[in-house]
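Student: Using our numbering, the first residue of the sequence shown is number 2, and each one after it goes up by one.
Don't read these hints as lab results, they were simulated from the structure.
Among these hints, one or two may not hold up.
[Stated by the list, open to error] Computed spacing ranges between beta-carbons, pair by pair:
hint	residue 1	residue 2	range
1	Ala72	Ala48	20 to 26 Å
2	Glu46	Ala72	29 to 35 Å
3	Pro78	Ile55	32 to 38 Å
4	Arg11	Trp75	49 to 55 Å
5	Thr3	Gly26	45 to 51 Å
The beta-carbon is built from N, C-alpha and C at its ideal position, and this holds for glycine as well.
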Amino acid sequence: MTDNELEQKRASAARTFDVRRVIGGLFTVYGVIITAVGLFDGPDEIAKAEGVRINLWMGLGMLALGLLFLAWQWWRPVETPEPSAEGQ
Numbered sequence: 002m003t004d005n006e007l008e009q010k011r012a013s014a015a016r017t018f019d020v021r022r023v024i025g026g027l028f029t030v031y032g033v034i035i036t037a038v039g040l041f042d043g044p045d046e047i048a049k050a051e052g053v054r055i056n057l058w059m060g061l062g063m064l065a066l067g068l069l070f071l072a073w074q075w076w077r078p079v080e081t082p083e084p085s086a087e088g089q
């Protein structure tokens, strides 16, 4: 395996296990689900929350936060550190 291939694998692994991707993905998926639930809330659920469509607002908030994390990961990708001479 060449140094270039090793560097590409290392960069790919760093991007895959970036915490921002995991958090952003989870918040985005849950945000879509909760927003969909909030769109179809019945009068009983709205009355429980004192007239506030809490599922809709929390779903939109989670969706926005998830997309913010994913955008942050896209704007500032992980830079892999150069391997040190001590580790070889």
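Student: Each hint: holds or not?
Tutor: Now for the hints, and whether the structure bears them out:
For Ala72 paired with Ala48, a C-beta distance near 36 Å fails the hint of 20 to 26 Å. Look at Glu46 against Ala72: about 31 Å separates their beta carbons, and that is inside 29 to 35 Å. Restraint check, Pro78 to Ile55: a C-beta distance of roughly 35 Å satisfies the suggested window 32 to 38 Å. The beta-carbon spacing between Arg11 and Trp75, approximately 20 Å, falls outside the hinted interval of 49 to 55 Å.
Checked against the hint of 45 to 51 Å, the C-beta distance between Thr3 and Gly26 comes to roughly 32 Å, which is inconsistent with it.
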